[in-house]
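Q: Chains as they are written, first to last, in the numbering used here: chain L, 3 to 400; chain C, 3 to 400.
Everything labelled a hint here was simulated from the structure, so no lab data went into it.
Misleading hints may appear alongside valid ones.
[Unchecked claim] So the derived label-pair ranges between C-beta atoms look like this: (1) C/Asn7 x L/Ser299: 50 to 58 angstroms; (2) C/Pro243 x L/Glu396: 47 to 55 angstroms; (3) L/Thr54 x C/Leu345: 53 to 61 angstroms; (4) C/Leu345 x L/Gly225: 22 to 30 angstroms; (5) C/Glu378 x L/Leu384: 48 to 56 angstroms; (6) L/Glu111 x C/Asp305: 34 to 42 angstroms; (7) C/Pro243 x L/Lys76: 35 to 43 angstroms; (8) C/Asn7 x L/Lys85: 28 to 36 angstroms; (9) L/Leu106 x C/Glu270: 28 to 36 angstroms; (10) C/Gln268 x L/Val223: 32 to 40 angstroms; (11) C/Gln268 x L/Glu158: 28 to 36 angstroms; (12) L/Asp136 x C/Leu345: 36 to 44 angstroms.
Backbone N, C-alpha and C define an ideal beta-carbon position, used for all residues, glycine too.
There are 2 protein chains.
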Amino acid sequence: MSEMNALAGITVLDLGQIYNGPYATFLMAMAGARVIKVESLTGETLRGRGATSSAAYPFAMLNQAKESITLNLKTDKGLQLFKQLVAKADIVLENFGPDTMTNLGLSAETLMAINPRLIYAAGSGYGRSGEHRDYLAMDITVQAMTGVMSTTGVDELPPMKAGPAISDFFGGIHLYSAVVTALLAREHSGKGAVLDMAMQDAVLPTLATVIGAYYYHDRNVPGRHGNRHPALTMAPYNVYPTRDGHVAIICVREGHWHALVKAIGQPELIDNEKFQTMHKRAESMQEVDAIVTAWTSVRDKLDVLDILQAAGVPTAAVRNVEELLNDSHLHERGMLRDVQHPLLGNIALPNSPINVAFGQVHEPALAPELGAQNLEVYGGLLGLSPEECAKLGEEGVI
Amino acid sequence: MSEMNALAGITVLDLGQIYNGPYATFLMAMAGARVIKVESLTGETLRGRGATSSAAYPFAMLNQAKESITLNLKTDKGLQLFKQLVAKADIVLENFGPDTMTNLGLSAETLMAINPRLIYAAGSGYGRSGEHRDYLAMDITVQAMTGVMSTTGVDELPPMKAGPAISDFFGGIHLYSAVVTALLAREHSGKGAVLDMAMQDAVLPTLATVIGAYYYHDRNVPGRHGNRHPALTMAPYNVYPTRDGHVAIICVREGHWHALVKAIGQPELIDNEKFQTMHKRAESMQEVDAIVTAWTSVRDKLDVLDILQAAGVPTAAVRNVEELLNDSHLHERGMLRDVQHPLLGNIALPNSPINVAFGQVHEPALAPELGAQNLEVYGGLLGLSPEECAKLGEEGVI
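Please put together the full structure from these sequences, using the hints given.
A: Here it is as structure tokens:
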């Protein structure tokens, strides 16, 4: 990571748990920050689910390149040690409930009094202001509240969540963004900041098409149209069956449509009145989809992909997680790398998308064992002796 | 926006189109940058779909606080003017296909030779490296390729896209992140950077749970479990019917489960062997869901929300886009504001989630008319006279 040192010299106290906070600090660690994961004596929630649970992989993924210390914030000595660390840190990041830190005596105000250059970054479901601030939130509940579910799936079934943890990750990447924005501001102001990033706020803009459809159709709430365009104003725009799976095809320009009908051997459709504008194709959506389906359904998905991409039609194979993890493009690009993991065996771990954007591949340390850097951090950063650390361990402080 | 000036003094040449690029530059504009939207003579793609199309709202949303100039990059004079602007800019951002700018004679290398401090930020579906670099991509195709669809919906139906444009927006927010990271690096190095952000890379980490389920279940590809946990290792974790809609409920800790069964008047379940650990509840998922459903299905969703949140159970109402836009919490928090829009009437427009995180509400200018700032930019930044601008207009250059 020789050149990706944008955050070199930055020290982060990472109280993040599960996905939201830890994704933000993962990106910081990968950008060169020193990220010290501050865990309870039993470990952060995700780690706490057990080394052989289905949470083990996400933990391994999101805590690469971090250090781990244990700290019992329910003891006076623990609080004292945390404050001493804050004096040496640039960033404190947490995604507890909105009052957890204040109730511990570690409010943003208290910590910034110790260190006025501190950036205190809080992630939560709904934010620290507004009437819903105290609502408990997880990814699935934020998907419900933001309207994501109302627009996913089909009308015949209940509202459907998006499979991936999009609320957590939209929260996490916006939290990273806010922190780096605050670091940039600090370069000039010399001052820290308190950041209050809500998952709900971060997800809301992604509803743009659906909100557009709502206003466009005289404020009628759009239905759940499966894989079709939320406003039903575009065709082809769907997922189509193939012999061995599915493909996604979308024609956003006239040129795409022309390329498609040529590729499927029906160039005469270009001159067919019924399909001559996007508006007309959208009105004949069933027929358009039937034409495409007739051609895709007798072919293999990778053949459809090859033929239509070569013809200039935006097309994709619908891939499962195994196909994703084995994608040679992602490995070649450095977004995935194979790792021999002590617990999980041979797994593929992702790089930071931001590192990849900088063209930088490196092999970060695997997620640390609980408390692996206790001596290094309490010794190196706070000057405690190994004996003092051992005593703190015996007292249940670290 | 008095204090949210992290990007004050930064000038962005925004060639972004549709959602991906424009969301990144929207966040920059809202953080105080001067964002000059450089459009073809017929307008950026999204604008080009027409002022009364369903695209009008997304355009209005993503181009707040920006300036607009027209520029024909297919003329020599247009290219010359662009290069003159690059000399005065900090950032060039585009999300064309990977070779479009190079083919125009405006490669990153060419532009950085003009301005070595330039940050050249490119967004694309699959990135500029790797075997899939030339694949045409849109939100729906990236959802297909990244595995999002394979994990959304139910096994009985085809793979399903997430309703919102998550690939575009994950791409956009990561692009913003990469640019701000590069700006921070430039503070110390004095050098610009070339950034190659792929939507696919940005979406991949959100699959964490699904990848975890894959490795946990001996490398078997998980099915599509609707609203249940992708690894089926958690219950209650689902969407439940109510008299007037649906609610989402999730119990990640023992305490949540205890709070839930007390709130629904069945505290004796706490001592029921069958439900005493998360693992056991997951094994009795059908029964657990039936217990919850029996209670929710005879109540209204907002009552369920109130009762369970008060009891300490992570719960949400499944809301549609109209409920979202009218959410008083979001308005109170400053994430949404009502605007009288010249074309769209009374609409709600979002703030930047990052501004909200900084605690800053302001009322940005509405999205500009095509070329509204031609005189200001070509006059003010490049020193052209109104007559010269008029001549360029006649020549089809601006």
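Q: Hints first: check each against the structure and report whether it holds.
A: Hint check:
1. Take C/Asn7 and L/Ser299: their Cβ atoms lie about 56 angstroms apart, and the range 50 to 58 angstroms holds.
2. Take C/Pro243 and L/Glu396: their Cβ atoms lie about 53 angstroms apart, and the range 47 to 55 angstroms holds.
3. For L/Thr54 and C/Leu345, the Cβ-Cβ distance of about 57 angstroms falls inside the hinted range of 53 to 61 angstroms, so the restraint holds.
4. At about 25 angstroms, the beta-carbon gap between C/Leu345 and L/Gly225 stays in the expected band of 22 to 30 angstroms.
5. Separation of C/Glu378 from L/Leu384 is about 55 angstroms and conforms to the stated range, judged on CB atoms against 48 to 56 angstroms.
6. The hinted range of 34 to 42 angstroms is satisfied by L/Glu111 and C/Asp305, whose Cβ atoms lie roughly 37 angstroms apart.
7. A C-beta distance of roughly 40 angstroms is found between C/Pro243 and L/Lys76, which places it inside the suggested range of 35 to 43 angstroms.
8. For C/Asn7 and L/Lys85, the hinted distance range of 28 to 36 angstroms is satisfied, since their beta carbons lie about 30 angstroms from each other.
9. A hinted range of 28 to 36 angstroms for the beta carbons of L/Leu106 and C/Glu270 is consistent with their spacing of about 34 angstroms.
10. For C/Gln268 and L/Val223, the Cβ-Cβ distance of about 35 angstroms falls inside the hinted range of 32 to 40 angstroms, so the restraint holds.
11. Range check, C/Gln268 to L/Glu158: about 32 angstroms between beta-carbon atoms, so the 28 to 36 angstroms window is met.
12. Checked against the given bound of 36 to 44 angstroms, the beta carbons of L/Asp136 and C/Leu345, roughly 39 angstroms apart, stay inside it.
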